[in-house]
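Visitor: Letter by letter, the chains look like this.
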Amino acid sequence: MTIQEYNQSVEKYADAVYRFVLKNIKNEEKAKDIIQDTFEKVWIKASTIQFEKIKSYIFTTAYHTMIDYIRKDKHTQSMEDNMEWQHSHNEHYTGLNEVLEQAFEYLPKIQKTVLVLRDYEGYSYKEIAVIADLTEAQVKVYIFRARRFLKNYIGHIETII
Amino acid sequence: MKINRETYEQVFIDYLEGNLTDVQLKELIVFLDNNPDLQQELKEITSYAKKDEEIETPKSFVKDSLKKTNLLQDDKSNFDELCIAFHENQLSEKQENILLEMIEKSPKLNKEFHLYANLKYKPDFSIIYPNKQQLLKKQRKILPAYFSYAASIILIVSFVFYWSSQDSKTIIEPKTEIAESSPYEQLNIGFSKKTEKKYQAIVSTKKPESFDKKKTIKQQIITKTILQAKQQEAILNPTSTTKELPIKNIKTRSENPTFKSYIAEFFQNIVGEDVYQQKKIKEQQQNNSLNPKIQQVPLSDNTAQFHYKKMILGSESEN
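Top line first, the protein sequences correspond to chains A and B.
Heads up: the first sequence begins at 4 in my numbering, then just goes up one per residue.
Heads up: the second sequence begins at 127 in my numbering, then just goes up one per residue.
The set of hints was computed from the structure by calculation and includes no laboratory data.
Glycine is no exception: its CB is placed at the ideal position from the N, C-alpha and C atoms.
One or more hints might be untrue.
Claimed, not checked - For each label pair, taking beta carbons as the anchor points, the in silico distance ranges come out as: (1) A/Ile-113 x B/Gln-150: 52 to 60 Å; (2) A/Arg-151 x B/Asn-160: 57 to 65 Å; (3) A/Ser-127 x B/Ser-232: 28 to 36 Å.
Said to hold, decoys possible - Below, simulated SDA-like cross-link-like pairs (lysine to any residue); rule was C-alpha separation at most 25 Å, straight line: (4) A/Lys-56 x B/Leu-261; (5) A/Lys-154 x B/Glu-222; (6) A/Lys-154 x B/Glu-230; (7) B/Lys-248 x A/Glu-101; (8) A/Lys-129 x A/Asp-71; (9) B/Lys-248 x A/Gly-98; (10) A/Lys-15 x B/Asn-257; (11) B/Lys-248 x A/Glu-124; (12) B/Lys-356 x B/Tyr-388; (13) A/Lys-56 x B/Gln-259; (14) B/Lys-263 x A/His-67; (15) B/Lys-128 x B/Lys-152; (16) B/Lys-220 x A/Val-144; (17) B/Lys-264 x A/Ile-6; (18) A/Lys-29 x B/Gln-259; (19) B/Lys-340 x B/Tyr-388; (20) A/Lys-115 x A/Lys-129; (21) A/Lys-154 x B/Leu-217.
What the hints assert, rightly or not - Away from chain B, derived, C-beta distances all over 12 Å, residues of chain A: (22) Glu-55; (23) Lys-77; (24) Leu-153.
Sequences and hints are given; from them, build the entire structure.
Guide: As structure tokens, then:
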């Protein structure tokens, strides 16, 4: 991969991978650090990466970097403490989207990851399996469980309302 | 087993497990009445035991999640899976038809189906990574090859100019070529031209380094010898100074009075004193005849003065 291709991939995927990480860890500063680390790792390996596979490589690296950050954070504070939603855009959620965002917080981490990769980026089960280091069957199961949980959560809220 | 404060724990366990007989149970009640602290302890143990029993095992959930369901079966048990698979584009055409039939039949299922349709997260494109410029790498400008050639030539030329200018600035100091110059010249002692020429011939012929070393040692020995000779000469004849000795010009050498005295001594030793004195008197007489006013001989020559006085006295007595 050349410098031009690397810069092209930054322009193309930096925002997407940032949204993916931010959605998972809910902390802007940490998300920025993760993206910084991710692209540094990508640059180091740039000579060995094929440009056609760069998107997958970036998301895989970002996912693993994020996991490392979460593990480090576990020593200081639990993930639940980091779940403060700091973004102004959150205020715009109304109705179903707001409920979905609430429900998202109750999902296990791995289900969050595969769901975001699936919905945000439209990755196939196979691609998600590569990124999250899972089998294709596991990805499918996690997505099914997450959807069913969300549906039950929303159904429960609707009955309350 | 009698119950007391040492054995009560074992009785408590038997009580919790229901292994006590009626007699043992009555004994336990009496014991607890007498020991209210242990009565409290038994209550706590009993509450923990009940809590463990109250935990519900999610039997149905665990088993259901492990079961493999047939999506094509025509019942509502797998409706969720069909809906999810439909929105994930994982259903075949046949499966889709079965699902649509189920939705048409039941309005409740229809509502659930649409609920699943809205369970997809949509990315918020207003969120962008703010430090994107920091991630970009600057491309290095690759100069053509002739730039490097030109730069190297300029460097070489400037290097040459620099060194040449340094050489012109350096002061050329006269070399003290001790090895090249003759030791006879250094001591300013007059020696024959033959010896000088021989020495110059040796010096001018370039020899290997080992020879140069030998040559240097030889020169040192010669210099030392000459110095010793000069010192001895200075002791024997303090008035004579080597500086006064002319080196090369024979005419000037012959005019030198010190040299003349050397020659006189030499001549005196060879031909004998009498002959020398006679010759000297004759010379004196000739000088007197040429210049009669000069009646004196050099005071330094006592012998000549003696003979001169004798000669005058003789002539006076004759007269």
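Visitor: Hint by hint, say whether it matches the structure.
Guide: Status of the hints after comparison with the structure:
1. A/Ile-113 x B/Gln-150: 52 to 60 Å: With Cβ atoms ~54 Å apart, the hint holds.
2. A/Arg-151 x B/Asn-160: 57 to 65 Å: 59 Å, holds
3. A/Ser-127 x B/Ser-232: 28 to 36 Å: Since A/Ser-127 and B/Ser-232 have Cβ atoms about 32 Å apart, the given range 28 to 36 Å holds.
4. A/Lys-56 x B/Leu-261: 19 Å, holds
5. A/Lys-154 x B/Glu-222: 20 Å, holds
6. A/Lys-154 x B/Glu-230: Within the cut-off at roughly 20 Å; holds.
7. B/Lys-248 x A/Glu-101: 12 Å, holds
8. A/Lys-129 x A/Asp-71: Distance ~23 Å between A/Lys-129 and A/Asp-71 Cα, so the pair holds.
9. B/Lys-248 x A/Gly-98: 14 Å, holds
10. A/Lys-15 x B/Asn-257: 14 Å, holds
11. B/Lys-248 x A/Glu-124: Holds, because 9 Å separates the two Cα atoms, which is no more than 25 Å.
12. B/Lys-356 x B/Tyr-388: 15 Å, holds
13. A/Lys-56 x B/Gln-259: Measuring from Cα to Cα gives roughly 22 Å; hence the hint holds.
14. B/Lys-263 x A/His-67: Distance of about 23 Å is within 25 Å: holds.
15. B/Lys-128 x B/Lys-152: 12 Å, holds
16. B/Lys-220 x A/Val-144: 22 Å, holds
17. B/Lys-264 x A/Ile-6: Holds: B/Lys-264 and A/Ile-6 sit about 8 Å apart, inside 25 Å.
18. A/Lys-29 x B/Gln-259: Holds, at about 23 Å.
19. B/Lys-340 x B/Tyr-388: 36 Å, violated
20. A/Lys-115 x A/Lys-129: Roughly 17 Å between the alpha carbons, so the hint for A/Lys-115 and A/Lys-129 holds.
21. A/Lys-154 x B/Leu-217: 19 Å, holds
22. Glu-55: 20 Å, holds
23. Lys-77: Non-interface label stands for A/Lys-77: nearest chain B Cβ at 25 Å, farther than 12 Å.
24. Leu-153: 5 Å, violated
In summary, the numbered hints that this structure violates are 19 and 24.
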